[in-house]
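**Q** Construct all of the structure, not just a fragment, from the sequences and the given hints.
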Amino acid sequence: MFRLNKIIPVDSDYKFLNFRKHFYIASAIAIALSLIILLFKGLNLGIDFKGGTLIEVSTNESSIGELRDILAPNFNEVSLQEFGDENTVIIRLQNDNNQESIKTVEKVKVLIDDKVTEFRRSEFVGPTVSSELLWKGFQAVSFALFAILIYIWLRFEWQFGFGAVVALTHDVLFTLGVLSLFNIEFSLSTIAAVLTIAGYSINDTVVIFDRVRENLRKYKKLELIDLFNMSINNTLSRTVMTSITTLLALISLYIFGGEVIKPFALTMIIGVLIGTYSSIFIAVPTLLVFKFRPQEEDEVN
Amino acid sequence: MKNYPLWKIFIVFLLLSLGVIFAVPSILYKEDTGNWYLDNRLNLGLDLQGGSYLLLEVQTDVLIKEEFENFSETIRIISRENRIKINNIELLDDELKIRFETSDKLDEIRSSFLQKYRSVKFNLNNNIATITVDVLYKKNIQDSAIKQSLEIVRKRIDESGTKEPLIQRSGRQRILLQLPGVKDPERIKNLLGKTAKLNFHMVDDDDSKSLSLNLAPFGKMIIADINNEEIKYLLEKKSKVGGENLIDAYASFDQTQGHAVSFRFDTTGAQKFGKATSENVGKRFAVVLDGVVITAPVINSAITGGSGIITGNFSSQEATDLAVLLRAGALPAPLQIVEERSVGPGLGADSIAAGKIASIIGMILVCIFMILIYGSFGVIANISLIANLFIIVALLGTIGATLTLPGIAGIVLTIGMAVDANVLIFERIKEENLKNKKVYETVKKGFDRALSTILDANITTLIASLLLFVFGSGPIKGFSITLSLGVIASMFTALMLTNLLVHFYLSFTSKKEINL
Chain A
0 MFRLNKIIPV DSDYKFLNFR KHFYIASAIA IALSLIILLF KGLNLGIDFK GGTLIEVSTN
60 ESSIGELRDI LAPNFNEVSL QEFGDENTVI IRLQNDNNQE SIKTVEKVKV LIDDKVTEFR
120 RSEFVGPTVS SELLWKGFQA VSFALFAILI YIWLRFEWQF GFGAVVALTH DVLFTLGVLS
180 LFNIEFSLST IAAVLTIAGY SINDTVVIFD RVRENLRKYK KLELIDLFNM SINNTLSRTV
240 MTSITTLLAL ISLYIFGGEV IKPFALTMII GVLIGTYSSI FIAVPTLLVF KFRPQEEDEV
300 N
Chain B
0 MKNYPLWKIF IVFLLLSLGV IFAVPSILYK EDTGNWYLDN RLNLGLDLQG GSYLLLEVQT
60 DVLIKEEFEN FSETIRIISR ENRIKINNIE LLDDELKIRF ETSDKLDEIR SSFLQKYRSV
120 KFNLNNNIAT ITVDVLYKKN IQDSAIKQSL EIVRKRIDES GTKEPLIQRS GRQRILLQLP
180 GVKDPERIKN LLGKTAKLNF HMVDDDDSKS LSLNLAPFGK MIIADINNEE IKYLLEKKSK
240 VGGENLIDAY ASFDQTQGHA VSFRFDTTGA QKFGKATSEN VGKRFAVVLD GVVITAPVIN
300 SAITGGSGII TGNFSSQEAT DLAVLLRAGA LPAPLQIVEE RSVGPGLGAD SIAAGKIASI
360 IGMILVCIFM ILIYGSFGVI ANISLIANLF IIVALLGTIG ATLTLPGIAG IVLTIGMAVD
420 ANVLIFERIK EENLKNKKVY ETVKKGFDRA LSTILDANIT TLIASLLLFV FGSGPIKGFS
480 ITLSLGVIAS MFTALMLTNL LVHFYLSFTS KKEINL
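These protein sequences, in sequence, are chains A and B. Position 68 of the first sequence, counted from 1, bears residue number 67 in numbering that gives the first Met the number 0, the numbering being contiguous throughout. Position 299 of the second sequence, counted from 1, bears residue number 298 in numbering that gives the first Met the number 0, the numbering being contiguous throughout.
Because the hints were derived from the structure by calculation, they are not lab data. Warning: the hint list may mix true and false statements.
What the hints assert, rightly or not - Here chain B is said to cover these stretches of chain A; the calculated rule only asks that three of the stretch's residues, wherever they fall, bring their Cβ under 8 Å from a Cβ of chain B:
(1) 103-109
(2) 112-120
(3) 128-138
(4) 178-190
(5) 217-225
(6) 246-252
(7) 255-268
For every residue, glycine included, the Cβ atom is placed at its ideal position computed from N, Cα and C.
**A** See below:
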């Protein structure tokens with residue numbers, strides 16, 4: 000049978016850590032750029048976090064321009080956008096006033112009723128709710144990072160926890176930077192995606208750390224850098240395999256899962272790529288900062 | 000296979016059969032059947048079956064303001080009785096400041112005020128009185144308002160004909176509604192958006208001067224017509240009778256005026272209404288709903304029977320809805336919709352279809368890839384993956400979880416991540432294969448070595464997904480549930496099922512070496 004199992008040879012021996020400075024610099028630049036773009040451009044907040052009204056409609060023949068001509072004179076801030084195909088249009092309306100917004104949906108429906116075959120969905124989020132959702136999302140991400148740190152600290156030594164959280168923070172910031180760069184909508188489901196990325200990336204990192212721990216016990220005389228390189232290579236095949244299967248599922252979700260789920264799938268795809276990179280090139284090299292070798296100290300004593 | 004413990008085989012087959020058996024209702028049946036077995040199926044979330052999610056906030060500050068207005072009214076009355084002049088009354092955010100002309104007799108005013116409102120703070124400083132309320136007082140007002148509002152919202156929704164609504168309190172002053180299958184959310188929103196305070200006031204048609212100046216004299220008020228804001232009425236401020244005395248209201252039809260709402264008063268209401276109408280034959284009375292005049296007919300004769308009819312250019316739907324509102328009663332405070340998510344049935348069906356396609360294609364891609372990489376072992380992993388999906392669906396069905404669109408995303412993601420445990424095991428076996436010659440020993444070592452890694456890796460994912468459940472709202476909770484169940488199921492299938500299948504495979508093919 001045709002087999003691909005030699006993509007990553009079982010006895011691969013790539014010297015990842017010998018080039019760690021390059022990766023440090025690359026990641027530092029990526030993070031700096033992410034922070035700059037987040038600071039100056041910001042995220043493309045969806046109505047979950049910004050408040051406002053969103054209406055999705057199917058039209059028969061009416062063009063987006065026709066709808067815009069009808070709506071624009073009646074509202075201050077209205078934006079229309081094709082959603083998936085040319086017969087589906089998303090209408091976004093921004094309003095400062097709560098009460099006004101809820102009437103807005105009704106007003107829009109009355110105005111364009113004869114141009115539209117179906118009102119597919121309407122969402123309205125008031126300003127108090129949107130700020131609460133943002134705060135809750137922020138809490139969820141911070142608590143997740145913290146809980147993972149505690150878990151790793153309990154299961155490994157604290158240095159591993161440090162490495163994992165450095166890698167995680169890197170993943171989250173980098174992903175947010177990419178979201179901002181490509182103007183991908185940031186909504187409640189994006190928070191879910193970011194948390195899942197955190198879970199996925201830590202999953203990857205833990206698998207490699209696990210091997211590092213095992214090898215630390217096994218090869219007591221080996222140079223740390225060689226030992227880390229060896230651990231990465233031991234698990235490299237698995238890292239690549241799992242990333243590929245996860246990406247296959249996500250790509251299928253992105254292409255076939257429908258318009259609503261697209262930003263989620265895209266965020267996940269970006270995150271999985273970044274997470275895989277950081278497990279190998281960030282999490283493990285961070286361990287080199289600590290010149291630890293618990294067993295070695297025991298032997299000396 | 001000789002040495003494989005029988006109990007393990009038994010457990011694996013037991014769990015697998017349970018998985019398949021309990022996945023069947025979710026896969027095959029859509030309707031409620033009343034059968035305990037067939038009801039173990041997935042509920043579809045509002046985003047998949049269509050419907051409305053509404054979050055309402057009870058505007059309790061309005062009530063607190065009203066309470067302060069009551070205070071100020073009481074103070075005026077008491078000081079008039081005591082012949083003390085008030086210079087001015089100032090209503091601030093959280094306190095009422097009253098400046099009296101003198102500081103005489105203020106203690107008496109204070110004690111008679113406190114007789115009426117026991118738990119209110121009344122502080123005197125020379126001729127200035129400050130009235131404040133504490134947090135508990137406010138909380139009591141809020142709590143009773145929310146309880147009443149819940150009751151009335153429930154009545155209104157029930158009367159509107161919505162099936163299986165979920166109505167519950169959320170946080171301190173909010174009410175959460177889930178209305179599956181609602182086709183016209185605007186109608187529901189209109190039903191909920193009205194306080195529905197109904198009052199009957201006498202119209203003053205003699206004083207046309209005040210009306211033209213748009214300045215109501217003492218004891219009167221000017222109110223606009225519901226259909227035309229230009230038309231104003233000068234009404235007596237004190238109402239003759241109100242909606243609290245209604246015992247029934249229903250949509251009816253009037254020969255001359257079209258759609259109408261018929262209503263009936265209780266005994267007290269009937270007496271009040273009878274008295275008012277018999278004293279004012281020939282004059283007009285106005286039906287005022289939430290601060291606008293619906294209709295203002297002339298009283299032709301005394302109405303003593305306690306029932307009547309309200310007309311006023313209604314459509315059939317409007318008449319029905321007004322009757323619903325009047326039957327359910329008035330809300331203690333206005334409700335504000337602070338969040339709404341409505342999905343039409345078309346989008347829901349599309350999402351389900353897209354989700355199915357994405358899952359199936361994702362699954363096929365992963366399966367093909369696994370076979371390309373691991374050959375026969377890939378087939379084993381794929382069997383585990385399919386078993387895994389059955390178990391997830393069975394678990395979701397038996398715990399009565401709700402499947403949402405993010406939930407489907409969770410399942411698709413699980414497909415990708417579920418093979419991870421298998422991959423970890425196979426990679427270990429591959430490594431062990433280089434050192435060992437005996438196949439069973441290699442396999443055993445592979446599984447043993449992979450165990451701690453699998454646990455560590457999956458528990459971290461579970462932590463993240465647990466936090467999603469705690470902090471996430473609505474659909475996101477659905478995502479975290481499917482992801483968590485997927486992770487747990489994948490640990491079982493990898494450690495037990497894959498293990499069993501690998502042993503089966505090795506014993507049936509009697510392989511002497513592992514080709515991974």
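**Q** If a hint holds in the structure, say so; if it doesn't, say that too.
**A** Right, here's what the structure says about each hint:
no.: 1; hint: 103-109; in the structure: holds (count 3)
no.: 2; hint: 112-120; in the structure: holds (count 4)
no.: 3; hint: 128-138; in the structure: holds (count 5)
no.: 4; hint: 178-190; in the structure: holds (count 3)
no.: 5; hint: 217-225; in the structure: violated (count 0)
no.: 6; hint: 246-252; in the structure: holds (count 7)
no.: 7; hint: 255-268; in the structure: holds (count 8)
Hint check: a violation occurs at hint 5 only; the rest are consistent with the structure.
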